[in-house]
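Chains as they are written, first to last, in our numbering: chain B, 109 to 268; chain V, 557 to 918.
One thing to keep in mind: the hints can contain errors.
[What the hints assert, rightly or not] When the alpha-carbon atoms are kept at most 25 Å apart in a straight line, the in silico PhoX-like pairs for lysine-lysine are as follows:
#: 1; chain 1: B; residue 1: K224; chain 2: V; residue 2: K857
#: 2; chain 1: B; residue 1: K233; chain 2: V; residue 2: K696
#: 3; chain 1: V; residue 1: K743; chain 2: V; residue 2: K857
#: 4; chain 1: V; residue 1: K846; chain 2: V; residue 2: K857
#: 5; chain 1: B; residue 1: K121; chain 2: B; residue 2: K191
#: 6; chain 1: B; residue 1: K233; chain 2: V; residue 2: K857
#: 7; chain 1: V; residue 1: K637; chain 2: V; residue 2: K696
Derived by calculation from the structure, the hints in this document are not laboratory data.
Below, each chain spelled out in residue letters.
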Amino acid sequence: MAPSVRFSINNPKITHQTIDGEVVIVNLGTGSYYSLDGAGADIWNCLENGATIGEIVTYISQRFDGNFGEITSAIERLAAELKAEGLIGEESDDGQGKNLEQRAMTVDGTPQVARKQFSPPVLNKYTDMQDLLLLDPIHDVDETGWPTVKPDVRKEDGNK
Amino acid sequence: MRADSIDRSDSQATGVTASPEIFFDQVVRAFESAERKMEGPIDHFFKIGGYHVRLRFAGPALVPLITPALQHLTESPRAGKVDLTVCLWDSVSTGARMPPPPWRIEQNGVRGEISGFNSATLRTTYNIGSGILSVLDTSKDVAVYWIRDFAQLPYYESGAPLLTILNWWMSAHQRRILHAGAVGNSKGAVLLVGRGGSGKSSTTLACLSSGLLYLGDDYCMVSSAPIPFVHSIFSSGKVNAEDTRLFPLLNDSLSNAARLGPEKALFFLNARFPQSIVSGLQLRAFLIPKVSGRSETRLVKVSSSASLLALAPSTIFQLPGAGHEVFDGLIGLVRNLPNYVLELGTEREQIPSVISEFLSRR
Chain B
109 MAPSVRFSIN NPKITHQTID GEVVIVNLGT GSYYSLDGAG ADIWNCLENG ATIGEIVTYI
169 SQRFDGNFGE ITSAIERLAA ELKAEGLIGE ESDDGQGKNL EQRAMTVDGT PQVARKQFSP
229 PVLNKYTDMQ DLLLLDPIHD VDETGWPTVK PDVRKEDGNK
Chain V
557 MRADSIDRSD SQATGVTASP EIFFDQVVRA FESAERKMEG PIDHFFKIGG YHVRLRFAGP
617 ALVPLITPAL QHLTESPRAG KVDLTVCLWD SVSTGARMPP PPWRIEQNGV RGEISGFNSA
677 TLRTTYNIGS GILSVLDTSK DVAVYWIRDF AQLPYYESGA PLLTILNWWM SAHQRRILHA
737 GAVGNSKGAV LLVGRGGSGK SSTTLACLSS GLLYLGDDYC MVSSAPIPFV HSIFSSGKVN
797 AEDTRLFPLL NDSLSNAARL GPEKALFFLN ARFPQSIVSG LQLRAFLIPK VSGRSETRLV
857 KVSSSASLLA LAPSTIFQLP GAGHEVFDGL IGLVRNLPNY VLELGTEREQ IPSVISEFLS
917 RR
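Okay, chain B solo, but in the shape it has when bound (with noise of 0.2 Å):
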């Protein structure tokens, strides 16, 4: 993965918030959620704020103690598992970079903390809402042109 590329949220299918150093990312498309902690959550929140690869990579190896050729390939591992879960989507890069302490000092908002030990993230999914969406309704339509579920497919609603 080129150090240039760019990813952005794939908005306003994705919905997200941090607290506490995790993440909570929702698809509002298809019923799954994930969370995201440690270096993972942060680098989350650097491909928010439209850093490229090559700045995430050398922000995570400011703020981690590891390897640094450990610490690209997990990034570029979680950037394209994010992006094949439809979470995110690739950029061009428009030359907008800051340079790394500015983009640093925007991620959260503090300078940087003591140093942490790198731990390769890891991106937890889970799939129970699923059941909630319609997303392939087996329908009729009545006579009075309102689409109804076929009899032999109605289901409850998952927690309903």
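For chain B, the structure is supplied; the task is to place chain V on it using the hints.
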């Protein structure tokens, strides 16, 4: 897709102009036609989240299917201001037709939202699974709720009626409906959060006869100002059919004994436990129930992100139109209140005691 980009030929084919405003007016007129056929409205009034809500039924068919879960919030007929009016009807019992939908099937979103028929003031969903149309005009504080045949209303809708409309309207009034149960005492309430099957309902129902107060097992409403507060919406409860044996005191409240198995057990609790059901309490903490397999029940402190993960996705996916604002509404609450995993023990009588002792220390 915006309303003005809807294919006009489709709308002409249906005979309905594809505008959300015009569709809303047509739906209201169809309701008024149903109401005239049934010789006037049947009104029921409720105070929900501090707001006065009028349910205006065209005919009696839907009344016993919609009102039991709201019974604890009943108020006297109001001559004064009503904050929200919901018009409810079905075509089979009233003989009044609903105009056909002016959208294509592809515009029906995965949570029932109709693309092109939702704007700053107008909301439209049609849930194909339940067959329920919900529309709301927030500028008029008027909503319409329709199903083709009242007899086809899903039983779970009776347990949590009008959820979509209430969520829309309350969201604009500093109230947020959450997929959560709640119980409490004079010191306040805890919100029980987690996906379906996590133990919310069995925990809240286990508390019902323990002296704790009940605010709901599956959906509650919260507000954050001036203090964090839980508002009860539904005085119903629902458990898997095989779990009814755990709640013998609820036998009299079971509404669907003949249909257990295909349906979960649905209880309407207000008649049997009127003193135990309250309309609201100060919110004190978030609890995430988890079955532990151990005998004892205990609380284990967790991060606020654990509550957010347990609560936000399940709320977002259960409420059409809900999105990032759910996160926005929750973030302050889970940050500022304590968060715990409630490890559920096999000695079930301990569950309400642990919650009660926790609240008593607040």
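Evaluated hints:
1. K224(B) <-> K857(V): 24 Å, holds
2. K233(B) <-> K696(V): 41 Å, violated
3. K743(V) <-> K857(V): OK: K743(V) and K857(V) at ~20 Å, within 25 Å.
4. K846(V) <-> K857(V): Distance ~13 Å between K846(V) and K857(V) Cα, so the pair holds.
5. K121(B) <-> K191(B): With Cα atoms ~13 Å apart, K121(B) and K191(B) stay inside 25 Å; holds.
6. K233(B) <-> K857(V): Given that 25 Å is the threshold and the Cα spacing comes to 23 Å, the pair holds.
7. K637(V) <-> K696(V): Given that 25 Å is the threshold and the Cα spacing comes to 13 Å, the pair holds.
Violated hints amount to a single one, hint 2; each of the other numbered hints is respected by the structure.
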